[in-house]
Amino acid sequence: MRRQIPLLLTFLTGVAIIISFFIPHKPFNEVQDMLLDWTIIIAGFAMLLGIYSLLNKHITHIKRKDAGWGYSIILTSFFIGVFIVGIISAVRYKGYSLSPGSSLYYVYDYMVIPLSATMFSLLAFFIASAAYRAFRANKLNATLLLVAAVIVMLGRVPVVENAFFRFLTRFSDWFMFIPQMAAKRGIQIGVALGMFAMSLRIILGIERTYLQ
Amino acid sequence: MNILLVFLFLIQQTPDSLPVDTAQVTEIVRPAPPTNVIAKDTPNDAGGSISVEWDISADDGKGLKNVNLYNVYKSKTEEGKFDYVGTVGAARTSYDDQSVEKDNKGYYYIVKAQTKEGVESEPSNISSGKSQAQWFHHGRWAYLILGVIFTLFFVLYIRMAKGKKLFIRKIAGLDAVEDAVGRSTEMGRPVLFVPGIGLLSDIATIAALTILGKVAKKTAEYETRVIMPNYDPLVMSAAQEVVKQSYTEAGRPDSFNEKDIFYLTQDQFGYAAGVDGIMLREKPGAIFLQGIFYAEALILAETGHSVGAIQIAGTDRVTQLPFFISACDYTLIGEEMFAASSYLSRDPIMMGSIKGEDASKLVLIIVIMVGTVLGILGGLHLGLFENWFSNLINWFARG
Amino acid sequence: MKERKGLIFGSVILIVVFIIMFIKGEPSKNIMVWIAAILTLSIYSFLYKDNVFYKFAEHLFVGVSVGYSVSVVWQNAFIRRVFDPLFITRTYIVDGKFSLYLFLAIVIPTLLGMLMVSIFTKKHGWLIRIPIAFVVGSYAGMGIAPSFQAYIFEQTQSTLYVTLSISSFIMIVGVITTLVYFFFSKEHKGFLGKTAGVGIWFIMVAFGASFGYTVMARISLLIGRMNFLLHDWLGVIK
Chain F
2 MRRQIPLLLT FLTGVAIIIS FFIPHKPFNE VQDMLLDWTI IIAGFAMLLG
52 IYSLLNKHIT HIKRKDAGWG YSIILTSFFI GVFIVGIISA VRYKGYSLSP
102 GSSLYYVYDY MVIPLSATMF SLLAFFIASA AYRAFRANKL NATLLLVAAV
152 IVMLGRVPVV ENAFFRFLTR FSDWFMFIPQ MAAKRGIQIG VALGMFAMSL
202 RIILGIERTY LQ
Chain L
818 MNILLVFLFL IQQTPDSLPV DTAQVTEIVR PAPPTNVIAK DTPNDAGGSI
868 SVEWDISADD GKGLKNVNLY NVYKSKTEEG KFDYVGTVGA ARTSYDDQSV
918 EKDNKGYYYI VKAQTKEGVE SEPSNISSGK SQAQWFHHGR WAYLILGVIF
968 TLFFVLYIRM AKGKKLFIRK IAGLDAVEDA VGRSTEMGRP VLFVPGIGLL
1018 SDIATIAALT ILGKVAKKTA EYETRVIMPN YDPLVMSAAQ EVVKQSYTEA
1068 GRPDSFNEKD IFYLTQDQFG YAAGVDGIML REKPGAIFLQ GIFYAEALIL
1118 AETGHSVGAI QIAGTDRVTQ LPFFISACDY TLIGEEMFAA SSYLSRDPIM
1168 MGSIKGEDAS KLVLIIVIMV GTVLGILGGL HLGLFENWFS NLINWFARG
Chain A
5 MKERKGLIFG SVILIVVFII MFIKGEPSKN IMVWIAAILT LSIYSFLYKD
55 NVFYKFAEHL FVGVSVGYSV SVVWQNAFIR RVFDPLFITR TYIVDGKFSL
105 YLFLAIVIPT LLGMLMVSIF TKKHGWLIRI PIAFVVGSYA GMGIAPSFQA
155 YIFEQTQSTL YVTLSISSFI MIVGVITTLV YFFFSKEHKG FLGKTAGVGI
205 WFIMVAFGAS FGYTVMARIS LLIGRMNFLL HDWLGVIK
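The listed protein sequences derive, respectively, from chains F, L and A.
Using the numbering used here, read the first sequence as starting at 2 and increasing by one per residue.
Using the numbering used here, read the second sequence as starting at 818 and increasing by one per residue.
Using the numbering used here, read the third sequence as starting at 5 and increasing by one per residue.
Incorrect hints may have been included.
[Unchecked claim] Below, computed lysine-lysine pairings styled on DSSO-like, alpha-carbon distance capped at 30 Å:
| id | chain 1 | residue 1 | chain 2 | residue 2 |
| --- | --- | --- | --- | --- |
| 1 | A | 190 | F | 58 |
| 2 | L | 982 | L | 857 |
| 3 | L | 919 | L | 857 |
| 4 | A | 127 | F | 95 |
| 5 | F | 58 | A | 198 |
| 6 | L | 987 | A | 198 |
| 7 | A | 193 | F | 140 |
| 8 | A | 101 | L | 982 |
Please keep in mind that the hints were generated in silico from the structure rather than gathered at the bench.
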């Protein structure tokens, strides 16, 4: 029983959405949007569990004075701080705390964005170290990968303005357009079929791991 | 003196001094109206829309060449007042009126051509149409047919699979799971499982959870810790259930530590920063990067490599696969990840579904080969093949 | 001990930065820019080694982003979709009449969501599977059609646009061999094995091209941050 009901629900919702894809008539055309809205509401409740998990973990660290408990204090206090700012913004803007100009928006602009952008920019360093390692590897596959990478890289940013680099730019454009596209297509068709099979398994209840 | 004469001459030319009977009479030339106006129900919708089609005016692109737009007008009665509803540009021959108030009621439409100066043509013929909601989307036949064929393969092979041993080719990344956990245990270090920044709505995340189930079984057997930071609380809840079940099945329900499967943050780079910190501090022996990843994929993979862990990655994001391949020991490419649950469990029903996938792939390969042959023959301008070829392409274009 | 080394290293860098700033630049007067700059440098210190500054910035980042995400999610889920329609705009009252359909459309998901909290009870913990099943079922259904449309149909159609040229030939060979690589039912031996081998070459080449393509984009991100530090913060670049 405890297993049956969820599986039945999965089946019904899956089938409802698939059917509504083929029927434009009311009310079927609204089914997908409505169910999407519902999943967003459910995600809101799931957030409660997430907050509980986070606070539980870090407050336990603080209580037991585990290694690095000072950082847990930092995390918890900043969380509570921004949370309060969020509430204040929500009260001021009648629930829509992220209106431009609100304090929460300010926090986002001056803390979240710079931190995210910096993490993002770390990729410049990591891409170099990944390429360096691929260069030293002996495997055929890694070599193919690297050679293709160098061709496209040099083609995108011609280092010197001469005939060879002009050819390279055109070649790398062709390269991106034909062989790269061919493999990408093959992978994507495979992925789509895999997703289809997996969705079918989930709807039919064959794939059950996530419901343990 | 000459200057005076020239000046007087010039004054004579100014418009004010022109006699009235030579004033210019600009004749207003109206463009020809569009013809053959037909109003009908917009197909494949929920009603509330009528499509109006017409042939272009004789002065659109030819003749007087002064047509700039077409204006569409609607009325509730044949002789009644026609109200403006919309406009399309020159050379266009249709307009969808979505402001229809009631279905199954006749409305009357006329179309007028208009020049750049705003001069409209005479009205076209009147056409009436009704809107209706359709019960079936006729543009989506192709999906239904292909979907049914693939599902049939699926069901067929599942039936054939019962009782038979089906073969599935080697997937290196999945074979390495046991070794990775074993190595971690020998080094006395925990296993880190990163489910990516997908939500439970992504199939790849669910595939990651099935892999998690198998990994958790191994860590339960070897009594190694499995740490899992989560991006989405719903995924966290599902993951906690999965791991708890695996530990129970392995006979070690008490070793299950719920605090090791926790929520981190729902911010892409905040998550990356947090996971990096965990990698540096916990120093896992094996790292699983399974699920949906975006730009932060390389950050995670490189950091994991730097702590000396064996890394098994898997994602369907084609843009991130190159980075995983260059930084990880094993990578499951796209579909290989979805095959994981069948591969690791060797369950006959699941294996049957893999065979169904393969059959569908074969169908597509054959279609491409047939299409290629037709295309080549059509390219050689052998009429019949050209037809078949364009029909084939159009069939795939529907919907 | 290592922590102390990191502290010394970081402090040295900060001192150097201060010196540069005083000599050459016009540092920003905005305290928030200063905070953003310090956080930026702390994250970059990660490249050297795990250290106090990075740990601080990381925990701050996680704390702030969770606080922020909570506001966003609760605004989207509760305010916009439950509280507002239920109590403020009352969308379920159409022309003065109470519409059960619209009312349930708000109440049912709220109840489903509340089931999530059942995990905290010992006896009824299994109820959490219901909203999970609902979400998974919905998205399993929703994923099928778009993936068919975007991947299977569009990709096959584009591949079918064949012309008599080498490019087309390579495209066809590439797509077919890649599909063969993903063939699971048979052992990759003999002719099948060779075809699959060609497929994996195509895949590696494609990944390499993709890799090279992104390099420039990533480097420009770094340039962006350097610009922030040197221009917005220190004013060393005008």
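Here is how each hint holds up against the structure:
1. 190/A to 58/F: 48 Å, violated
2. 982/L to 857/L: 57 Å, violated
3. 919/L to 857/L: Satisfied, since the Cα-Cα distance of roughly 14 Å is no more than 30 Å.
4. 127/A to 95/F: 39 Å, violated
5. 58/F to 198/A: 52 Å, violated
6. 987/L to 198/A: Given pair residue 987/L, residue 198/A holds - Cα atoms ~15 Å apart, limit 30 Å.
7. 193/A to 140/F: 20 Å, holds
8. 101/A to 982/L: Violated, at about 62 Å.
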